[in-house]
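Residue numbers (the working numbering), protein chains in the order written: chain A, 1 to 250; chain B, 1001 to 1304; chain C, 2001 to 2287.
To be clear, the hints were calculated from the coordinates, so they are not data collected in a lab. The structure presented is a predicted model; accordingly, all values stated were derived computationally and were not measured. One or more hints might be untrue.
[What the hints assert, rightly or not] Listed below are the simulated DSSO-like cross-link pairs for lysine-lysine, each with C-alpha atoms no more than 27 Å apart in a straight line:
(1) Lys2221/C with Lys2272/C
(2) Lys77/A with Lys191/A
(3) Lys24/A with Lys74/A
(4) Lys1038/B with Lys2015/C
(5) Lys232/A with Lys2221/C
(6) Lys24/A with Lys215/A
(7) Lys2069/C with Lys2035/C
(8) Lys2015/C with Lys1029/B
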Amino acid sequence: MSAITIKDLTVWFGTGAERNDAVKDVSFDVADGESFGLVGESGSGKSTILRAIAGLVPTWSGEMTVAGETLGPKRSKAFYSKVQMVFQDPYASLHPRQTVDRVLSEAMRLHGVENIDSRIGTLLDDVGLGPGFRFRYPHQLSGGQRQRVAIARALACDPSILLLDEPTSALDVSVQAEILNLLVDLRHEHKLTYIMVSHDLGVVGHLCERIGVMKDGRFEEVLTVEDMRAFKATSPYTRHLLESSINSIR
Amino acid sequence: MSTTQGLRDWLLTEEPTSRRQARYASWYKGWLTLRSNKLTMFGLYVLAFLVLCAIFAPVLATHDPFAQDLGQRLLAPGENGHFFGTDSLGRDIYSRLLYGARISIYIVLLVVMVAPLVGLIVGTVSGYAGGWIDVVLMRITDIFLAFPRLILALAFVAALGAGIENAVLAISLTAWPPYARIARAETLTIRNSDFIHAIKLQGAGPFRIVTRHIWPLCISSLVIRVTLDMAGIILTAAGLGFLGLGAQPPSPEWGAMISEGRKYILDYWWVATIPGIAIFAISLAFNLLGDGMRDVLDPKEDNS
Amino acid sequence: MTDAPLLDVENLWVKFRTRTGVFDAVRGVSFTLGKERLGIVGESGSGKSMTGRAILRLIRPPGFIEADKLELKGEDILNAPEKRMRQLRGGRVSMIMQDPKFSLNPVMTVGQQLVEALRAHEKVSRSEARQRALEVLDEVAIRDVDRVYDLYPHEVSGGMGQRIMIAMMLLPNPEILIADEPTSALDVSVQLQVLDIIDKLVSDRGMGLMFISHDLNLVAKFCDRIVIMYAGRIVETCKASELRNASHPYTLGLLNSVPDLEHPRDRLEVLKRDPAWREAPSVSARQ
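With the rest of the complex left out, here is chain A (with noise of 0.2 Å):
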C-alpha cells in the first residue's frame, strides 16, 4: 500500500499574467514506511510540493491522496494527526514567546491526547532532550535542540507520515550528524514515513532509498540511491548534480 500518491500536481503562485508554476505536472508515490527524496536547486520547487502536500500552499490541481485520504482544498483534523513536517530554520520555526513545554502540550491538546504531562517526558526522551529542557524559551536553546523540538512536536500526535523540509541544512555537520542520526531510529521505533527535501545529495542519500531529482519545477528523473551511488544517473543534470557534491564531499 503506498502512503502518498502524487498524481499530475501542479502548484502555481499568482494569478493570470503573473502566474508562475512552482511545479509542474508532477507525479510519485511513496510506499508505507518508505522514505523519498526530493533533491534539487533553490527554485526547484522542491519545498513547493511539501508544502502543498501540507496544505499551506492552496493554489495547486492534480490528485492528491495521502494515507488513504484524497485531499481537497482544505485539510481535516485527522489529516493533521497522520501527517508532519518539520520545518527548514529552527529559528523560526518556534514561536520565540513560548516555552517548549507550551509548544508541545499545545500540540497535544489540540489533537486530544489525554496524559499530556508524562507524554511530553517520553517525548522530549525520544528526540534526545532531558527534562531539563521542558521549560526552556526557544533563545535558551541551539539549533540542534531548537530542532529536536520542532522533531517533537511533529510526534506530538503520533503520526505516521513526516515531511521534512530541509532539516539540517541550517546546522552545522557535526549536529547534522546527530539529527540525521536520530531521525532515522525515530523513523525505525516510530514506523514513519518520510518524504524529505534536500539539496544535499549526501544527506538525502543517507536517509532516503529513492530520490526525485527536481529541476524547474519537473521531475528530471527518479532513481533509487544505489543507482546514483552507482552514478547510473541517466539525465545530464543529475549526473552535474552528482559530480558537483561528490566533488564538494572529496
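With chain A fixed as given, assemble chains B and C onto it according to the hints.
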C-alpha cells in the same frame, strides 16, 4: 542575604523546572534589562511618584481642592501655607494638582484600555484574514487616520457633549487607527513564519492562531507604542480641557487649570505654569519608559 | 620563510560583557597569514567568525578585543585610530559576507555600488571608476557586464550577487581577503563556480585569503593550510594535504560526521565532546 541570592539564582537559571519558574524568570530578566537603563528607571520613578500622589491625594492635600476663598486669590507660591499658590478663585493649586493627577491617570487608563485593544483586534484580524476583510477594515482605519486627531476628538465631544467620559471616548476613537496599522504590519510578517505554519499543521483554527500566537507577539510593540503615545493622550486630554470640552469646572483637570490660568499668565505666572510642569513631567516620564520598554520587549533583541 | 607575514595575530581574545560576567568568544588565538589560503573551520559558536571580524576591529560593544599582537604587514592595528581602520577595511583588507542579499544596498544599482566602493578608497574620475568596475565584473566571470552593471541587487541571482560582492571587495586591490562562509547560502553547483573564481583571483593577484567555513571537507579541498577552532581556541592546525593524518578527535569527528554519498554508513559518527578540549591551551598557527 543568602535567600535573596538563592532567589536570584532560581530566577536566572538556564533550566527552569516548572512553568511558573520559567515565566517568572523571563519577567525577571526583562526587569533586569529595564533596570539597566537609567533614563527609563527615572521615568518609572516619576510615574510611580505621580501614581502615589494620586492615590494618597486626600492625605497629602493641604486644602480642599474645591474650596474657594476669594480673599486668598492669586497668592504666590509659598504664601500663607499654599505650596504652589492659589488660583483666581483662591483655591490651593497644590491640592488641585494632586486631585488632578487622579483625573489624568483615570483618563489615561481608560484610553489605554480601549484604543490599543480595538487597534489590536482590527489590525490582527485584518492582517491575518486578508482579502476583502482586510480592504474594508483598513479603509475604515485610513478614514480615521485622515483627520487630525484633536479636530476629530473635538467633533466627537461636540456631538456627544462635554465631560471626561466623552473626552475619553473621543480620544480613544481617534487613537486606535495607528495601533491597528502596527498590529496589521506585525501580523503580516508573523503569519508567514514557520511557527505559524507549524501550529496550523497541528490543526489550530484561525481564532486560536490569532489570539494565542499572534497577539502575544503584537502586544509588545503595541505596549511600546502606547507608552510613547501616552504623552500625546495626556496632551490631547489637556487640550480638550483647555478648550473647555473635557473635564468641566470646577474639576481640577490639569488642562482646564492651564486654561483658567491663561488669563493671568503675565501677572501671575504660576497659575498656568505649575499644572503645565505636571503635564510635562508625566509626558516625559511615559516617553522615557516607552523607550526602555522597547529594549525589553523587542523579541528580535532577545539574545541574552 | 618570507619577510613579515601579511597578518600576524598573537594571543587574540574577543570578550563580551554580559549580565553574568565576561564571556570569552575567542580565547587566545595565534596565527599568521602569508600569501596563502588559510581555512578556519569550526562549528557555530566556535569563534571563527569573531576572529575574522576582530581582525577588522568590527566587534561592537559590549564586545571588545585584547591581543598581544595584531599586525598587518608590521603595522599595529590593535591600537590604530578608527580613521586608519576605515582606510584599511575594504582598502587593504576586504571581507566577503555570507549572504549577498544583506550585503548589497537594495536601492543602488550594481554599477553605482562598485563605483562608490572604489571612489571611497581612491581618487579616480567617474569614467575611470566605471571602466575599472566593468573590468572587475568581467574578472569574476560575469558575462554581459554592461547589462549587469545597471541591474539592482534584487534582479540578480544568489550566485551572481555573491560574485558581485567579490568584485566589489576586489576593486581596491586588497592584500587580504576574509571570506566568511561565502558560499553557504548558494546551491552546490554555484558554490563550486564561486570558489573557483575566488581561487583564481587569489592566486593571480597574490593575495592572502582567510576562508572561514563550517565545512571541513570544502576547506580541505580549497585551502593550503587549515586551522580548526573549538570553543574559541585553535585545537589543531595542519596543511590541507595532511588533513587525513589529523589526530585531534574533534577534527576526526567533523570529518566523519558528514554523510557521504559514495560510502554509506548506517549511523553517522557523532561528536562526543570532551570538556578537556575546551580547557586545552590553544595551538599556535604561526609560521
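If you draw a straight line from the CA of Lys24/A to the CA of Lys215/A, is it 27 Å or shorter? Holds, because 10 Å separates the two Cα atoms, which is no more than 27 Å.
With the threshold set at 27 Å, check whether the alpha-carbon distance from Lys232/A to Lys2221/C stays at or below it. holds (26 Å)
Does Lys2035/C lie within 27 Å of Lys2069/C when you go C-alpha to C-alpha? holds (19 Å)
Has the given pair, Lys24/A with Lys74/A, been kept, meaning a C-alpha gap of at most 27 Å? holds (21 Å)
Restraint status (C-alpha distance of Lys1038/B to Lys2015/C at most 27 Å): holds (24 Å)
Are the Cα positions of Lys77/A and Lys191/A separated by 27 Å at most? Distance of about 21 Å is within 27 Å: holds.
Taking only the CA atoms, is the gap from Lys2015/C to Lys1029/B under or equal to 27 Å? holds (21 Å)
Straight-line alpha-carbon gap Lys2221/C to Lys2272/C, limit 27 Å: The hint holds at about 25 Å.
Violation of the numbered hints given earlier is absent; every hint is satisfied by the structure.
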